[in-house]
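There are 2 protein chains.
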Amino acid sequence: MNKVITVSREFGSGGRELARRLAEKLGYAYYDKEIIDDIVAHTDYSEKYVEDIMENRTYRFYPIKIGATFSMDNDYAIKQMQDIYGAQATVIKQMAERSNCVIVGRCADYILKDNPDIFLFRIFVHAAMESKLARCLKHATKTENVSEKEMKKRIIKVDKGRANYYNDYTLQTWGEKEYYDMCVNSTNINIEEMAGHLSHLFM
Amino acid sequence: MNKVITVSREFGSGGRELARRLAEKLGYAYYDKEIIDDIVAHTDYSEKYVEDIMENRTYRFYPIKIGATFSMDNDYAIKQMQDIYGAQATVIKQMAERSNCVIVGRCADYILKDNPDIFLFRIFVHAAMESKLARCLKHATKTENVSEKEMKKRIIKVDKGRANYYNDYTLQTWGEKEYYDMCVNSTNINIEEMAGHLSHLFM
Chain D
0 MNKVITVSRE FGSGGRELAR RLAEKLGYAY YDKEIIDDIV AHTDYSEKYV EDIMENRTYR
60 FYPIKIGATF SMDNDYAIKQ MQDIYGAQAT VIKQMAERSN CVIVGRCADY ILKDNPDIFL
120 FRIFVHAAME SKLARCLKHA TKTENVSEKE MKKRIIKVDK GRANYYNDYT LQTWGEKEYY
180 DMCVNSTNIN IEEMAGHLSH LFM
Chain B
0 MNKVITVSRE FGSGGRELAR RLAEKLGYAY YDKEIIDDIV AHTDYSEKYV EDIMENRTYR
60 FYPIKIGATF SMDNDYAIKQ MQDIYGAQAT VIKQMAERSN CVIVGRCADY ILKDNPDIFL
120 FRIFVHAAME SKLARCLKHA TKTENVSEKE MKKRIIKVDK GRANYYNDYT LQTWGEKEYY
180 DMCVNSTNIN IEEMAGHLSH LFM
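These protein sequence lines map, in sequence, to chains D and B.
Position one of the first sequence corresponds to residue 0 (numbering that gives the first Met the number 0), numbered consecutively onward.
Position one of the second sequence corresponds to residue 0 (numbering that gives the first Met the number 0), numbered consecutively onward.
Everything labelled a hint here was simulated from the structure, so no lab data went into it.
Keep in mind that the hints are not guaranteed to be accurate.
Any copy will do: because identical chains look the same in the list, a pair fits if it lies in one copy or spans two.
[Claimed, not checked] Cut-off 30 Å, straight-line C-alpha distance, at most; resulting in silico cross-link-like pairs (DSBU-like, lysine-lysine):
1) K159 to K47
2) K24 to K176
3) K148 to K112
4) K32 to K92
5) K112 to K137
6) K152 to K112
7) K112 to K151
8) K176 to K92
9) K47 to K152
10) K176 to K151
11) K159 to K32
12) K92 to K156
All chains should be modelled from the sequences, with the hints used to inform the complete structure.
As structure tokens, then:
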């Protein structure tokens, strides 16, 4: 039975690093950006378009789960979004079937949750705003000049996009602790150490 | 620097067992009911009264933190509650200063949160209702005859009392993930195994 760890994360929480280090320590496959590459390879959509849809940067429709009559344009756009979500679900299920792995974001926790053939462990990583801000600014200053205020806006916006995408497709609430096996607050922790400790859960 | 693990928990989540096993595995002191014993030893209140106050079974006032004019009776009762909270805070701080320890409930996470002399790790244990119900019924049937419906009501009532007590005194929200370092969903886990894994966080 494959072990699959899904890591959902607030922007700037270090969740991606935690996921990567967990995968390294356990020798598991690691899927993050690879999910988008796979979707692009199996559909006609561009990488940019798939990314935009998955981060909810382009459209904010009526939730897909609510039946309604849409104009032609809306229908077409929604069809595309559903196409992408379908491709995403297929890709994630294949990854989980292939080997032990760590999957970052992309509703993988929800997509895999009723699969009896895998051992699923769903982690959500979050942090206090000042901690996320500090981490983001540290990474950003290498390549761009962004103020603290702008970065805070970006953090809120990205997380809003992730929450909208997740909530629309899953009938669950992004970040609500009941939907995860463990929520890790990264505000006061060393990510590498935490990854080492958590890896024991899967040995 | 003493390591102090606080374990807050939903009723029936197995949080107390997790706390006890963590303490055992780490060789830490374990404080649960002992907190009440200590308060009783240092005040004039009975064990029953202290327990009732701390589980919010007797009164539900205006929040202590909101200033207001009360009748004499209310004033007196609030004075008693504040007395007990004060004693609780003193006892918990002494426990944390004494040695490495695991403390169950009683707002210990909040009481200790700004203490620079300890390493504090705040855990919240929660579970799906059906899981809590199964655990409670398993324990209850040994001594009492209680229906599933009654037990569900009891679980909701106990947790409401804990939340009220915590929220009134701490200006935080009981069970909100941002106030804890880790939230553990015990629905699908073996408590003993999880305690073993988590103990690595403190070694």
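Hints, verified against the model:
1. K159 to K47: within (19 Å within a copy, 47 Å between copies)
2. K24 to K176: For K24 and K176, the Cα distance is within 30 Å both inside one copy (25 Å) and across copies (26 Å).
3. K148 to K112: between (37 Å within a copy, 28 Å between copies)
4. K32 to K92: within (16 Å within a copy, 47 Å between copies)
5. K112 to K137: The answer is between: 27 Å across copies meets 30 Å, while 35 Å in one copy does not.
6. K152 to K112: between (32 Å within a copy, 29 Å between copies)
7. K112 to K151: between (32 Å within a copy, 26 Å between copies)
8. K176 to K92: Both: 23 Å inside a chain and 29 Å across chains, each within 30 Å.
9. K47 to K152: Within one copy, since 22 Å is at most 30 Å while 51 Å is not.
10. K176 to K151: Answer is both; intra-copy 23 Å and inter-copy 20 Å each pass.
11. K159 to K32: within (20 Å within a copy, 43 Å between copies)
12. K92 to K156: So K92 and K156 pass the 30 Å test inside one copy only (29 Å; across, 40 Å).
This entry satisfies every hint, going by the numbered hints stated previously.
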